[in-house]
Amino acid sequence: MPELIVENIHLKYGAVEVLKGASFAVEKGRIAALLGPSGSGKTTLLRTVAGLERAYRGKVSVSGKQVFDGESGLDLPAEKRGLGFVFQSYALWPNRTVFDNVAYGLRLRKAPEAEVKRKVGTVCEVLGLGHLQERFPAQLSGGQQQRVAIARSLAYDPAVLLLDEPLSNLDAKLRDEARAFLKELITREERAAVIVTHDQIEALAIADTIVLLNGGVIAQEGSPEDLYNRPRTLFTADFIGNNVRLAGKVVAANDGFATLDCDGIRVTGRMGQPKTAGEAGTAICRMDRLALAQPGEPDTVEMHRATSMFLGEKWEHVYRLGDHSLRVLTEGAVANDTSPIRIPRESVWVF
Amino acid sequence: MRSDFWRNNVVLLTALFILAPVGLILWQSFLTDAFFSARARTTAETYGFVLGDPGFRDALLNTVILSAGMVLIAVPLGSLLAFLMVRTDMPGRKWIEPAIFLPLFMSPMVLAFGYIVSIGPSGFWSVWWQQLFGGAPFWNVYSMPMLVLVVALTHVPHVYIYVSTALRTVPSDLEEAARVAGGSPLTVAMRVTLPLVWPSIAVSAVLVAFLGFELFGLPYVLGDQDGRLVLATYLYKFNTLLGRPAYQLMAVVVIFIMLVTLPLVMLQRRMLRSAQRYSTIGGKAARAHPIPLGPWKWVALAGVLIWLYAVVLLPLSGVALRSFVTTWGPLVAIRDVLTLDNYHKLADLPLIRRSIVNTLILAFAGGFASLCVYAVIGLASHRSKAKSTKALDFLVLLPRAMPGIVAGLVVFWIFLFVPVLKPWVASLVAMWVAYTLVWLPFGLRLVSNSFGQVGRELEEAAHVAGAGQARVARDVILPLARHGLLAAWLLAFLLYAREYSTGIFLMGQGNEVMGTMLVSLWNGGNIDVASSLAVVNTLVIAGGIALALRFGVRLDA
Ligand SMILES: Nc1ncnc2c1ncn2[C@@H]1O[C@H](COP(=O)(O)OP(=O)(O)O)[C@@H](O)[C@H]1O
Ligand SMILES: [Mg+2]
Chain A
48 MPELIVENIH
58 LKYGAVEVLK
68 GASFAVEKGR
78 IAALLGPSGS
88 GKTTLLRTVA
98 GLERAYRGKV
108 SVSGKQVFDG
118 ESGLDLPAEK
128 RGLGFVFQSY
138 ALWPNRTVFD
148 NVAYGLRLRK
158 APEAEVKRKV
168 GTVCEVLGLG
178 HLQERFPAQL
188 SGGQQQRVAI
198 ARSLAYDPAV
208 LLLDEPLSNL
218 DAKLRDEARA
228 FLKELITREE
238 RAAVIVTHDQ
248 IEALAIADTI
258 VLLNGGVIAQ
268 EGSPEDLYNR
278 PRTLFTADFI
288 GNNVRLAGKV
298 VAANDGFATL
308 DCDGIRVTGR
318 MGQPKTAGEA
328 GTAICRMDRL
338 ALAQPGEPDT
348 VEMHRATSMF
358 LGEKWEHVYR
368 LGDHSLRVLT
378 EGAVANDTSP
388 IRIPRESVWV
398 F
Chain B
896 MRSDFWRNNV
906 VLLTALFILA
916 PVGLILWQSF
926 LTDAFFSARA
936 RTTAETYGFV
946 LGDPGFRDAL
956 LNTVILSAGM
966 VLIAVPLGSL
976 LAFLMVRTDM
986 PGRKWIEPAI
996 FLPLFMSPMV
1006 LAFGYIVSIG
1016 PSGFWSVWWQ
1026 QLFGGAPFWN
1036 VYSMPMLVLV
1046 VALTHVPHVY
1056 IYVSTALRTV
1066 PSDLEEAARV
1076 AGGSPLTVAM
1086 RVTLPLVWPS
1096 IAVSAVLVAF
1106 LGFELFGLPY
1116 VLGDQDGRLV
1126 LATYLYKFNT
1136 LLGRPAYQLM
1146 AVVVIFIMLV
1156 TLPLVMLQRR
1166 MLRSAQRYST
1176 IGGKAARAHP
1186 IPLGPWKWVA
1196 LAGVLIWLYA
1206 VVLLPLSGVA
1216 LRSFVTTWGP
1226 LVAIRDVLTL
1236 DNYHKLADLP
1246 LIRRSIVNTL
1256 ILAFAGGFAS
1266 LCVYAVIGLA
1276 SHRSKAKSTK
1286 ALDFLVLLPR
1296 AMPGIVAGLV
1306 VFWIFLFVPV
1316 LKPWVASLVA
1326 MWVAYTLVWL
1336 PFGLRLVSNS
1346 FGQVGRELEE
1356 AAHVAGAGQA
1366 RVARDVILPL
1376 ARHGLLAAWL
1386 LAFLLYAREY
1396 STGIFLMGQG
1406 NEVMGTMLVS
1416 LWNGGNIDVA
1426 SSLAVVNTLV
1436 IAGGIALALR
1446 FGVRLDA
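Chains A and B supply the protein sequences, listed in that same order.
Letter by letter, the first sequence follows residues 48 to 398 of this note's numbering.
Letter by letter, the second sequence follows residues 896 to 1452 of this note's numbering.
No lab work stands behind these hints: they were computed from the structure.
Where a beta carbon is used, it is the ideal one built from N, C-alpha and C, also for glycine.
Check each hint, because a few of them may be wrong.
The list that follows gives simulated cross-link-like pairs (lysine to any residue, SDA-like), each with its CA atoms no further than 25 Å apart [said to hold, decoys possible]:
(1) 59(A) <-> 1192(B)
(2) 127(A) <-> 1192(B)
(3) 1282(B) <-> 112(A)
(4) 112(A) <-> 1060(B)
(5) 1192(B) <-> 1060(B)
(6) 1280(B) <-> 164(A)
(7) 164(A) <-> 1369(B)
(8) 157(A) <-> 1060(B)
(9) 1280(B) <-> 103(A)
(10) 1285(B) <-> 164(A)
(11) 1192(B) <-> 901(B)
(12) 67(A) <-> 103(A)
Some but not every residue of chain B turned toward chain A, in silico, with C-beta under 8 Å [stated by the list, open to error]:
(13) 1349
(14) 1353
(15) 1362
(16) 1365
(17) 1366
(18) 1379
Some chain A residues well away from chain B (every beta-carbon gap over 10 Å; in silico) [stated by the list, open to error]:
(19) 127
(20) 128
(21) 130
(22) 142
(23) 155
(24) 199
(25) 353
(26) 382
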């Protein structure tokens, strides 16, 4: 049975419906990422799970225990749900030392002081904060503050950990390290974790399941590979990965593949939904799969090279045809001014 | 959002605390006699009586004139002062700033004494004037124009607070752009800056008009000699006018006062909201580049100093000097009459000694107790979306519209009315209840503001970790708001130490406070002791102000 089950959450701010039936579940030792563009309701959903916002419909259960049920009016307050929450701002209490911040949940639970010391010590050790326990939050770097926030939410052993964009305040290098660390930690500590993020790379890297949220509804839920390789909606296909979007008309559709004519560029891709010839359609092409090809190969378009840039490891070229431009990466420099560009049909989705 | 139960209870109690007095006034105003009298019947004739009384019409007219005069004088001067302080390179701005707030904390009774003993008929300046020029001085401290001038000048800081706050949010590059385009400083001030702070000026005008209706001490001392009454002093007169207190008539007067002040308070609240919206559009306060005034800056400084002299130094020096002499008049030389007797009397008269001790207790411990009350109410409405707390927001307008003397009167009545409270009617407790009621809106605003500064997520983090509302308040909100709470306590201390009108009806044997003592000493014509007590009162307040500045408390809260 999943540690956290969220069913059909509906929530309004005033008259605006922000969540329109979001559901997902997380198993023990697993990480779910709530992914979605800014304003899609990720934070709101997480806060609803924690009991900081109140949904008007839906159910939430933690470790098999119902904590919210819109129908029966059951709504345990946040303090009774026994969850861990890491705020985007970290929300460390500035008037308490690291030790006191981390110890807070344990002290609330009336743990004996020796036990508090031991527990806090262990958690701080695990998070590499051992030597910082007497400091105040203002005396810590961003990365250290983030780890204190995590330590604080772990200290009292909540079964479910909710993290709201925990990495977004870190700089890029630190973020990569923290990501790996967080994943390892959650798996090892056997918690069920929900991480909110708007960064798809982060979600792909860290999550066992991705819950893709769009405008308050779940666009798709699945493993990172699922979402990347088998998008079921245009939104999913476009949101995940680095894509080129081409709009045009379906000229042929069979065997699960459709061919679009987009002002001169012909692309063929998997149909995300049934299409028939003559319909309008949109093709989503994974940018990193575009490559230079030999004349005569399938799935190619002859294009004109507008400019080239040396990026260090690779070259990036901009190819043009009519109003369209595609960016193509190669290992080495390119001499020809025109060249066929391969848009492999396995990496194209048509909706 | 959750456990609305205790919130509702707190709000309910607060509503009772506010509405009971108002209800009692209303009821009393329709009775033929005091509400506790067996002969009391319901009637509407009380209204007719008051409306038909020429004294009432005079008092109303005087109040309107005072209030209008205050607006006409204090608003332009206060706005000008704010402009000079915030926008120009007038010298000495740093040390003038705290001095501007002094009149806010000085007891009007002390000020009034100060004017009498400085420029009254036999005041120091009048006597010196006579000696220098012969003939009586050209001013008459008891005249209406003088009264208007005095109350207007002492209310300049109220305007200053609103306008200077607004001015600080106006980006100075707007002015600079106009100056680069060729505008002189004056044109820029009138054409660019003024329109941007209009809403705040308007708010302060409404505030000053409203304060005009609450005036008691200054018109009582400076206007009473000719029998010139304002509404508040007219109300006070009814206590003794007919041989015994005419409660039903007093209630009617209170109703009339509140019929004016309540709309003004509501108007001010609405205007303040839109003014705030206005000022946030202006965006972040930019680094201010002061407008150079050239040689005019010395003129400006002189003007400000003259004003400060008139409202602070002149009355205070008068009172101080008077407290060290036995008598004063045309043929008296200072060194012949110097004495410390007036201070010895303070210690010798048990009544006076008690009033000093009581004031300190009430200001210090009572201020703290009131702060606790405000904090509980503040916590009940903190981050609450419940309807009941919204209603509270509106309810506090009622005590706001109640002059201190009125609040004192109704608390007195409530204590008479409720049997269990009756033994306490002339105690410090009753005094404290009245003070707490009078300063409820102000205190609640202070604590709510400091609670509002606590980051929402800091509270939520504690909730999620397992803390209920009481624990969150204890562990997060109160500790993080402690500076604001300390500031509120110090301000309560200052206001309670200065308060005089609220206690007038509540004063009995044993609960005398300095402010009300000053009123009785004035009634009894005991200027010697009144002066030395006024000095002590001022020193207590000065000590409080020093402490507040030391803790970095903003006096213009
Ligand atoms: N307190 C609030 N009141 C009204 N609307 C809100 C509030 N908080 C968030 N919203 C709205 O709800 C939507 C979802 O917000 P949020 O959950 O913060 O999105 P995300 O975290 O995905 O960026 C947004 O459109 C936002 O404007
Ligand atoms: Mg968010």
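Numbers of the earlier hints that this structure fails to satisfy, in rising order: Going through the list in order, the structure violates hints 1, 2, 3, 4, 6, 8, 10, 11, 13, 16, 18, 19, 20, 21, 22, 23, 24 and respects the others.
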